[in-house]
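Produce the entire structure from the sequences given, and follow the hints as far as they go.
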Amino acid sequence: MKGDFPILKGITYLDSAATTQKPIHVIDAISHYYKTSNANVHRGLYTLSQKATLAFEDARATVATFINTTPEHIVFTKGTTESLNLLASSLNLQEGDEIVLTEMEHHANLVPWQQTKATLKFIPLKDDYHLDLEAAKELITDKTKIVAVTHISNVLGTINDIETLTQLAHSKGAKIVVDAAQSIAHLTIDIKDIDFLAFSGHKMCGPTGIGILYGKDFSNLKPYQFGGDMIKEVTYETSTFQEAPYKFEAGTPNIAGAIGLAAAITYLETATHPHITEYALEKLQSIEGLKIIGPQINRAPVFSFTLEGIHPHDVAEILSKHNICVRAGHHCAMPLMKKLNIHGTTRASFYIYNTKEDVDTLVEGIKKVQEVFK
Amino acid sequence: MNQETHPSLVNPLILKNQIGEDLSETEEIYKENIIDHYKHPHNKGEIEHTTSHRELNTSCGDELTIYLNINNNIIENISFTGHGCAISQASVSMLTDKLKGMSVEQAQQISQEDILNLLGIPISYVRMKCALLSLKTVQGALC
Numbered sequence: 001m002k003g004d005f006p007i008l009k010g011i012t013y014l015d016s017a018a019t020t021q022k023p024i025h026v027i028d029a030i031s032h033y034y035k036t037s038n039a040n041v042h043r044g045l046y047t048l049s050q051k052a053t054l055a056f057e058d059a060r061a062t063v064a065t066f067i068n069t070t071p072e073h074i075v076f077t078k079g080t081t082e083s084l085n086l087l088a089s090s091l092n093l094q095e096g097d098e099i100v101l102t103e104m105e106h107h108a109n110l111v112p113w114q115q116t117k118a119t120l121k122f123i124p125l126k127d128d129y130h131l132d133l134e135a136a137k138e139l140i141t142d143k144t145k146i147v148a149v150t151h152i153s154n155v156l157g158t159i160n161d162i163e164t165l166t167q168l169a170h171s172k173g174a175k176i177v178v179d180a181a182q183s184i185a186h187l188t189i190d191i192k193d194i195d196f197l198a199f200s201g202h203k204m205c206g207p208t209g210i211g212i213l214y215g216k217d218f219s220n221l222k223p224y225q226f227g228g229d230m231i232k233e234v235t236y237e238t239s240t241f242q243e244a245p246y247k248f249e250a251g252t253p254n255i256a257g258a259i260g261l262a263a264a265i266t267y268l269e270t271a272t273h274p275h276i277t278e279y280a281l282e283k284l285q286s287i288e289g290l291k292i293i294g295p296q297i298n299r300a301p302v303f304s305f306t307l308e309g310i311h312p313h314d315v316a317e318i319l320s321k322h323n324i325c326v327r328a329g330h331h332c333a334m335p336l337m338k339k340l341n342i343h344g345t346t347r348a349s350f351y352i353y354n355t356k357e358d359v360d361t362l363v364e365g366i367k368k369v370q371e372v373f374k
Numbered sequence: 001m002n003q004e005t006h007p008s009l010v011n012p013l014i015l016k017n018q019i020g021e022d023l024s025e026t027e028e029i030y031k032e033n034i035i036d037h038y039k040h041p042h043n044k045g046e047i048e049h050t051t052s053h054r055e056l057n058t059s060c061g062d063e064l065t066i067y068l069n070i071n072n073n074i075i076e077n078i079s080f081t082g083h084g085c086a087i088s089q090a091s092v093s094m095l096t097d098k099l100k101g102m103s104v105e106q107a108q109q110i111s112q113e114d115i116l117n118l119l120g121i122p123i124s125y126v127r128m129k130c131a132l133l134s135l136k137t138v139q140g141a142l143c
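If you read the sequences in order, they're chains A and B.
Using my numbering, read the first sequence as starting at 1 and increasing by one per residue.
Using my numbering, read the second sequence as starting at 1 and increasing by one per residue.
You may find that some hints are simply not true.
[Stated by the list, open to error] Part of the chain B face toward chain A, derived, beta carbon under 7 Å:
(1) TYR30
(2) CYS60
(3) GLY61
(4) ALA86
[As the list claims (entries may be wrong)] Residues from chain B that keep clear of chain A, each with C-beta distances beyond 12 Å, as calculated:
(5) HIS42
(6) ARG54
(7) THR65
(8) ASN69
(9) ASN71
(10) ASN72
(11) GLU76
(12) ASN77
(13) VAL104
(14) ALA107
(15) GLN109
(16) LEU118
(17) GLY120
In short, the hints are calculated from the structure, not lab data.
Since the structure is predicted, the reported quantities are computational estimates derived from the model, not experimental observations.
Beta carbons are placed, not taken as given, at the ideal position from N, Cα and C, and that holds for glycine.
Here you go:
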């Protein structure tokens, strides 16, 4: 499978939780679109524009099928961050409303909610790096309007129990918002009872700059950006707006991005997921002085760790000299770092193109890092 | 804009010489004296001071506070607290050594190049902010 990814020559790429590499199929699909079908969508009457519109709307249908829904529920955005910002600004949250988040949220599923009038509450983390669902039962009340939770933590790798959290939210009349930025790469997502779900194309072999907001029912959400393409009728004084998803897609959309994302989905349908989570966990934990910051079970192959006496940035830099790409820092989760009483971690995240050999290369690399600081 | 007085911005002229620097010797940047300063930093811990300043490296979470005891315009004593990578810790350890006994005016003249010379190792673009956090914090305290 590595052969499908032109960039993966001579490097051990372990930063897929930040962004994944792109298979040649996706790169070709984007190139093919610009060579043969590029025009603005929805308005042109000439053949080329119709071709572009068809490809763009086909991409929406492909995304919809991928998460088991229909196209009218799929809004194209720039990415997870924009999807969540759209929700936070369009859900009309009022003073006195409560939003229940978790202690492990990425800044993208925290900072937008801080900008609303609602009060934030946080489901705590247990010692085993899983959510305290008993505490969640107390926190989710009749005042709760939104329960917004990450499906898989980008720091800890924890897979959260979305089904239970959905039930808890719905039992109090609240909506569930799922940040699927990580889980879209590792789990099969069936939208079922979920009210809103956000993810990015670039974390699943697609290009950057394209993301999705799924919504079960958009009727109570107001548009959050205004302009061309999202209107029904405009006078100098006032305007009326299109129905969802178009009322959220002001301006020329990322057409090539949507087509690239659809190509990624088609590619992923034939790809196999290597089972290296257990292998990687065991190998990493066997290194003296290495501490995994994350759970032992119900986890994704996203491994944060600390090395005794060595700063994460130094770990990442020395690994980089050995052509191993990992991330170091707070991973856009500063409150979580503070809660765990650490300044940062080194993170190695694996994806479909990674192998057990990559795990071994990482382990060897970490030992070389320890050698430098001996 | 004078980059020297805005240490949060890295002088592009300095960077130009550093980008793409491919080190044949893998761990060259972690020369022994850098590791020494990291493991045994000089001037660490809060001292009696007349002024102090705290800075953050927001992208890495590194944090640094510099304490200065200034009498008659002379830096009589200087120390720091905080945490960071080997580069940032070695940088502040060396810089505090250098500043001890200097006048405030002399200290204000210290440039980004001076810090890089002090470290004596090639610093890549992304690590520049680690290397220069010490200078930024000192300048914050002296302005």
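Verification of the hints:
Interface restraint check for TYR30/B: the shortest CB-CB distance to chain A comes to about 5 Å, inside 7 Å, so the restraint holds. Contact between CYS60/B and chain A, as hinted, is supported at the beta carbon level, the nearest pair being about 5 Å apart and thus within 7 Å. Given the 7 Å rule on beta carbons, the hint for GLY61/B holds: about 5 Å separates it from the nearest Cβ of chain A. The interface hint given for ALA86/B holds, since its Cβ lies 5 Å from the closest Cβ of chain A, which is under the 7 Å cut-off.
With a least CB separation of 18 Å from chain A, HIS42/B remains clear of the 12 Å interface cut-off, as annotated. Its beta-carbon lying about 15 Å from the closest one in chain A, ARG54/B satisfies the requirement of being farther than 12 Å from that chain. Chain A leaves THR65/B outside its interface by the beta-carbon criterion, the shortest separation being 14 Å against a cut-off of 12 Å. No Cβ of chain A comes within 12 Å of the Cβ of ASN69/B; the nearest lies about 28 Å off, and the non-interface call holds.
No Cβ of chain A comes within 12 Å of the Cβ of ASN71/B; the nearest lies about 34 Å off, and the non-interface call holds. The Cβ of ASN72/B sits about 38 Å from the closest Cβ of chain A, beyond the 12 Å cut-off, so the non-interface label holds. Separation of GLU76/B from chain A is adequate, the least Cβ-Cβ distance of about 31 Å exceeding the 12 Å criterion. Here ASN77/B stays apart from chain A, with its beta-carbon at least about 27 Å from theirs, past the 12 Å limit.
Consistency note on VAL104/B: stated as away from chain A, and its beta-carbon is indeed over 12 Å from all of that chain's, at 31 Å minimum. Non-interface call for ALA107/B relative to chain A: holds, since the shortest CB-CB distance, roughly 27 Å, exceeds 12 Å. The Cβ of GLN109/B lies farther than 12 Å from every Cβ of chain A, with a closest approach of about 29 Å, so its non-interface assignment holds. Every C-beta of chain A lies more than 12 Å from that of LEU118/B, the closest at about 18 Å, which supports listing it as non-interface.
Every C-beta of chain A lies more than 12 Å from that of GLY120/B, the closest at about 17 Å, which supports listing it as non-interface.
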